[in-house]
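Student: Here is what each chain is made of, one letter per residue.
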Amino acid sequence: MIKKEVTILNKQGLHARPATALVNTAAKYKSEIFICRNEKKVNGKSILGLLVLAAEHGAKLIIEADGPDEKEAVEALENLVGDHFGMGVNS
Amino acid sequence: MIIREDLEILQGQSASSGIVIGHAYVRKVDNETIIPRTLISEQNIPEEMSRLTKAQDMVAEELELVRKKIEENLGPSYSDIISAQIAILRDHEIIKEVRAYIEEHHVNVAFAYRVVVNQYVELLEDHASEYFRERVADIRDIRQRVLRALISKQTVLSSLELDTPTIFIAKELNPADIMMLVTENVLGFITEFGGKTSHASILARAMKVPMIIGVKDATFTLESGQRIILDANQGNVLIQPSQETLDQYAREMDNLQAQELKYQAESHKKAVTQDGFQLKLSANISLPFEVDDIIKYGGDGVGLYRTEYLYLMKQHLPDEEELFREYVRVVKSLPDQEVIIRTIDLGGDKMSALWDLNIRNEANPFMGYRAIRICLDHPQVFITQIRAILRSSAFGKVCLLIPMITHLEQLTESLEIIERVKRDLEHEKIAFDRNIKTGIMVETPSVVMNIEAFAEKADYFSIGTNDLTQYSLAVDRGNERVTKIYNHYDPAIIKMLQKIIDAGHRSGIPVYICGEMGSEEQALYLLLAMKADGVSVAPRYLGTVRNFINRQNQKKAAKHLNEILCMKNRKDIIDAIDKLIG
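As they're listed, the protein sequences go chains A and B. For the first sequence, the residue numbers in my numbering are 1 to 91. For the second sequence, the residue numbers in my numbering are 92 to 673.
These are computed hints drawn from the structure, not numbers from a lab. Note that the Cβ used here is the ideal one computed from N, Cα and C, for glycine as well. Treat each hint with caution, since some may be false.
Claimed, not checked - As a list, the in silico DSSO-like pairs of lysine-lysine whose alpha-carbon atoms are at most 27 Å apart:
| # | chain 1 | residue 1 | chain 2 | residue 2 |
| --- | --- | --- | --- | --- |
| 1 | B | Lys187 | A | Lys41 |
| 2 | B | Lys287 | B | Lys262 |
| 3 | A | Lys28 | B | Lys262 |
| 4 | B | Lys287 | A | Lys4 |
| 5 | A | Lys40 | B | Lys187 |
| 6 | B | Lys262 | B | Lys371 |
Claimed, not checked - Over the 10 Å line for every Cβ pair with chain A, so calculated as not near, a few chain B residues:
| # | residue |
| --- | --- |
| 7 | Ala175 |
| 8 | Tyr192 |
| 9 | His218 |
| 10 | Gln355 |
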């Protein structure tokens with residue numbers, strides 16, 4: 001299992017659109033993916049789960065992946081978060 | 092119109108104007124359908140799960156249809172709400188959790204689905220952020236659609252079988268409901284709750300479907316099958332009208348239609364008085380496709396493009412490209428006419444949902460955190476919009492308009508930001524109109540008192556008479572107890588108009604009026620007398636206003652101006668103008 005801490009850079013936080021992008025990326029991998037914030041831990045392939053995290057701008061999340069492609073999965077998700085979920089640096 | 096007194100009438104607020112006659116369809120309280128809990132055997136689990144898949148497919152199909160309709164009618168930027176709902180509907184993990192729940196408890200799928208989704212609803216319901224609390228409504232809506240499909244094997248549409256012209260009545264409606272129902276023989280909407288700026292109201296206006304909101308106990312008082320007249324011009328619902336009333340309304344609707352055709356035939360005419368004084372007659376719009384009405388009724392471009400709606404309809408702050416696409420659509424469809432684009436005039440309560448400002452329940456929102464006040468505090472939001480507007484100026488005649496200015500420093504700062512954006516665009520070699528004009532909304536008494544200073548810096552004035560009246564008379568128009576105090580024929584307001592127009596003309600800048608006042612005959616008469624440079628009205632009034640101006644004589648109106656400006660009472664002013672109009 002691999003863990004990696006990331007910070008939400010989008011000004012509006014992890015809202016529906018970035019959350020959908022995260023789910024779509026996570027779904028490409030066979031590994032189980034969890035996203036943790038404080039004591040909450042949700043499935044990274046569930047948009048409802050991610051919404052429940054209510055991660056605002058600056059929130060620190062831990063990406064957890066466990067499975068055959070865990071390394072690639074964490075890397076892809078880390079890039080996605082770092083890239084403002086592809087929504088542009090002003091989003 | 093005279094309405095017989097024995098008729099039962101319900102009253103509400105018009106969210107989208109028009110008159111329609113049809114049969115009522117009342118959607119009774121359906122947000123908490125009773126879901127029976129039944130036990131199932133192990134071998135029935137696959138069957139239960141396949142029922143869920145089928146129900147999801149049905150709902151998805153319906154939502155895709157809605158998405159398509161929104162995109163066709165409003166453009167792709169407006170379908171975010173539906174996309175988010177589809178993503179929630181298709182959440183694979185939810186399906187897994189439902190299966191796990193069924194395997195453990197051996198219960199029917201509808202019961203399991205509700206338990207699983209409710210857990211998420213509860214977690215989000217008490218969240219501090221308004222954005223996440225609002226998403227609860229989306230999740231509840233999806234839950235309801237799926238449960239309805241599971242239990243009755245019907246979706247919203249297929250369950251209605253509306254074969255007669257229908258007026259749809261519900262406690263509250265969401266955008267998906269509106270889009271689905273408008274093509275299904277539904278002519279109008281009545282709701283108990285909702286605001287004029289809610290998504291549903293915006294869509295109803297956009298689709299030109301009459302809608303009345305805030306009708307108390309509508310789902311209780313009205314019954315399915317009743318014949319009703321929905322008069323959204325007056326905000327009245329007439330229940331089981333007599334043949335006489337129906338005939339009366341039919342005649343009224345015929346008249347309105349005949350008038351409309353007449354105005355359309357005159358669309359090439361200009362707003363010129365009999366003695367040759369021309370007013371710039373333009374339109375107030377909120378959504379790009381409203382330009383069609385300007386072309387239909389004829390007018391001198393857009394006098395006020397309210398840009399709030401794209402922000403309100405989205406689940407996030409729109410980016411520069413989205414805004415640019417939106418503006419350029421309007422600019423390109425009116426190639427030789429001016430398009431005045433106003434920067435966002437939103438209150439903090441609306442914006443907080445977009446980027447977690449945590450501003451809620453301001454005691455006095457009209458005097459609170461809104462419009463330019465927010466933009467100057469959050470320059471990035473402002474700059475993004477200015478960039479999009481400037482870029483659109485390369486494709487036609489665009490002007491910038493800044494709302495809610497109260498003191499000169501705000502204008503100075505706004506102009507500095509605009510200059511900075513211009514330099515950036517030049518540096519990036521992006522085309523825009525270097526001579527773009529920037530004007531301000533004159534809508535606060537402080538600006539009126541200091542108007543000469545603003546006339547030196549602004550390229551034009553646009554008087555927002557609604558807000559100017561509200562702020563000057565200290566009247567909240569939404570408050571029933573004081574609305575009768577609200578009156579833009581108050582001597583104080585008339586004197587202000589004169590002062591603003593004079594100051595503008597002394598500095599050589601045009602003065603336009605974009606408030607509701609501009610579509611009233613008495614006000615138009617006064618504005619002609621004062622030599623205002625233009626009025627901007629809702630597109631549907633373009634014909635009426637032009638027709639009125641064509642019948643007036645500017646010099647004759649001007650003769651009585653001083654007399655009217657000396658009057659001390661509201662009533663004297665209105666009576667005097669009425670007498671002059673004849």
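Student: Taken at face value, is the distance from the CA of Lys41(A) to the CA of Lys187(B) at most 27 Å?
Tutor: holds (17 Å)
Student: Below or equal to 27 Å on CA atoms is what counts here, so check Lys262(B) against Lys371(B).
Tutor: violated (43 Å)
Student: Verify the proposed pairing of Lys40(A) with Lys187(B), using a straight-line Cα cut of 27 Å.
Tutor: holds (19 Å)
Student: Straight-line Cα separation of Lys287(B) and Lys4(A) no greater than 27 Å?
Tutor: Given pair Lys287(B), Lys4(A) is violated - Cα atoms ~46 Å apart, limit 27 Å.
Student: In terms of Cβ atoms, is chain A entirely out of 10 Å range of Gln355(B)?
Tutor: holds (41 Å)
Student: For Lys287(B) and Lys262(B), compute the direct alpha-carbon distance and say whether it is at most 27 Å.
Tutor: Cα-Cα ~15 Å, so holds.
Student: Hey, does His218(B) actually stay past 10 Å from chain A on C-beta?
Tutor: Violated: least Cβ distance 5 Å, not greater than 10 Å.
Student: The output says Tyr192(B) does not contact chain A. Does that hold with a beta carbon cutoff of 10 Å?
Tutor: holds (15 Å)
Student: Take a quick look at Ala175(B) and tell me if its Cβ sits farther than 10 Å from every Cβ on chain A, holds or violated.
Tutor: Contrary to the label, Ala175(B) does not stay out of reach of chain A, its closest Cβ about 4 Å off (not over 10 Å).
Student: Would you check the hint for Lys28(A) and Lys262(B), treating anything up to 27 Å between C-alpha atoms as holding?
Tutor: violated (41 Å)
Against the hints set out earlier in the document, violations occur for numbers 3, 4, 6, 7, 9.
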